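Novice: One-letter residues, chain by chain:
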Amino acid sequence: DAGVIQSPRHEVTEMGQEVTLRCKPISGHDYLFWYRQTMMRGLELLIYFNNNVPIDDSGMPEDRFSAKMPNASFSTLKIQPSEPRDSAVYFCASSGPRTSPGELFFGEGSRLTVL
Amino acid sequence: KQEVTQIPAALSVPEGENLVLNCSFTDSAIYNLQWFRQDPGKGLTSLLLIQSSQREQTSGRLNASLDKSSGRSTLYIAASQPGDSATYLCASVGANFGNEKLTFGTGTRLTIIP
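So the protein lines, in turn, are chains E and A. Taking the working numbering, the leading residue of the first sequence gets 1, the next gets one more, and so forth. Taking the working numbering, the leading residue of the second sequence gets 116, the next gets one more, and so forth.
If you're looking for bench data, these hints aren't it; they were derived computationally from the structure. No experiment lies behind these values; they were computed from the predicted model shown. Note that beta-carbon positions come from the ideal geometry of N, C-alpha and C, so glycine has one too. Treat the hints with care, as some may be off.
Claimed, not checked - DSSO-like cross-link-like pairs, simulated, lysine-lysine; straight-line CA separation at most 30 Å:
(1) K68/E x K78/E
(2) K183/A x K116/A
(3) K157/A x K116/A
(4) K78/E x K157/A
(5) K24/E x K78/E
(6) K157/A x K68/E
(7) K68/E x K24/E
(8) K183/A x K68/E
(9) K116/A x K78/E
(10) K24/E x K183/A
As the list claims (entries may be wrong) - Under 10 Å between C-beta atoms, here's a sample of chain A residues computed to sit facing chain E:
(11) N147
(12) Q153
(13) G158
(14) Q166
(15) R170
(16) T173
(17) L177
(18) A201
(19) A206
(20) L217
(21) G220
(22) I227
(23) I228
Stated by the list, open to error - Sample of chain A residues lacking proximity to chain E, with all beta carbon distances greater than 12 Å (derived):
(24) V128
(25) E171
(26) A194
(27) Q196
(28) T221
Isolated chain A (complex conformation) (with noise of 0.2 Å):
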């Protein structure tokens, strides 16, 4: 069974620092692995998607990293400003038919201090 862990569970940061979230998994078949932003009662927004056979994907100032050997994924935020204050999750899709599902973790607690 995949567990998918987030350390730490809450960070805060001043305005304009460059952060790095953590993600871990324990099965390495997977298919692609995600990272969410959910703000204070909203739904999950996607911030970018790594495919098995990718290292990293950029979005803006945003940068995930894979590595599946390792069972870890990274989330680099440059030059932080205080919108980026949310919870962000990741979450391993499985690679095998029955088990497509996402697993999540129990995600970072960002606050950007202005």
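Extracted from the complex, chain E is given alone in its bound form (with noise of 0.2 Å):
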């Protein structure tokens, strides 16, 4: 298997601008996390996913952001309008079901900068 991917790697855009995140879980696995890393903050937990169906979005910080998940295999993160505090490398992760030990495997993550 090719690991979760996550697509933009890197991506530099100006206040206002809508911006979009998308990850591919590992296939088999029924949990999907949005993550965010900040040096200040560390790494907090967005929103996460069992079986597609949003479980906690307790971490989402306002209304800019959504995430959805279509399908087992697809996920997106948008953020619209984009401030330049959303600066931050957004990872994504999945983990096989509760009968698994549910070990959690992250994306590479994607570098968001907002100017």
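Dock the two chains into a complex; use the hints.
Specialist: Below you can see the structure in the form of structure tokens.
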């Protein structure tokens, strides 16, 4: 398996623009997580899905952020409109069902810079 | 709400020494606990996973232990090498439905001095 795949790896945009980050989880995994990492706040969970259904989105900063998982092999995280304080590395991760050990696998991340 | 703490935030040791990284958590209702490694500018790589029913796991020079009753986990690295330099993070997974997320500590930045 190719692992968790994220795109783009780097994104530089101007304040007010829409940003869409994409994630392909490992095949067969039914949990998908979106995390954000900054120097100041470390790793923060934004939202997670189980079987394509959002379970906990309490970490989503505000209405400018939205996430979807239309099928088991694809998820998006959208920021509209983007602001400079959204600059961070956004990680997607996936894990198997609760009958498995539950090891979490991370993608390489999408580094977002909002000017 | 689960809180995970890692102390110290940074650690420097000479090459060849054995070392221990510490992780503590407040809620013992965990499904598992994982240790990750993160190199600068990279994603997180899973090192070891300990399920809630286990006491320890070993992989090569790494040994992780778990004591749920005291809310502690340790990562032991034997015969440290410069290539071990990285940030090490521990994270717990909640056991209950609706709380299956990983809660991360802030990490320990490890430097192995050649």
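Novice: Look at each hint and say if it fits the structure.
Specialist: Hint check:
no. : hint            : in the structure
1   : K68/E x K78/E   : holds (9 Å)
2   : K183/A x K116/A : holds (16 Å)
3   : K157/A x K116/A : holds (28 Å)
4   : K78/E x K157/A  : holds (22 Å)
5   : K24/E x K78/E   : holds (15 Å)
6   : K157/A x K68/E  : holds (25 Å)
7   : K68/E x K24/E   : holds (12 Å)
8   : K183/A x K68/E  : violated (35 Å)
9   : K116/A x K78/E  : holds (27 Å)
10  : K24/E x K183/A  : violated (34 Å)
11  : N147            : holds (5 Å)
12  : Q153            : holds (9 Å)
13  : G158            : holds (5 Å)
14  : Q166            : holds (6 Å)
15  : R170            : violated (15 Å)
16  : T173            : violated (15 Å)
17  : L177            : violated (15 Å)
18  : A201            : violated (14 Å)
19  : A206            : holds (8 Å)
20  : L217            : holds (6 Å)
21  : G220            : holds (8 Å)
22  : I227            : violated (22 Å)
23  : I228            : violated (24 Å)
24  : V128            : holds (23 Å)
25  : E171            : holds (14 Å)
26  : A194            : holds (25 Å)
27  : Q196            : holds (23 Å)
28  : T221            : violated (5 Å)
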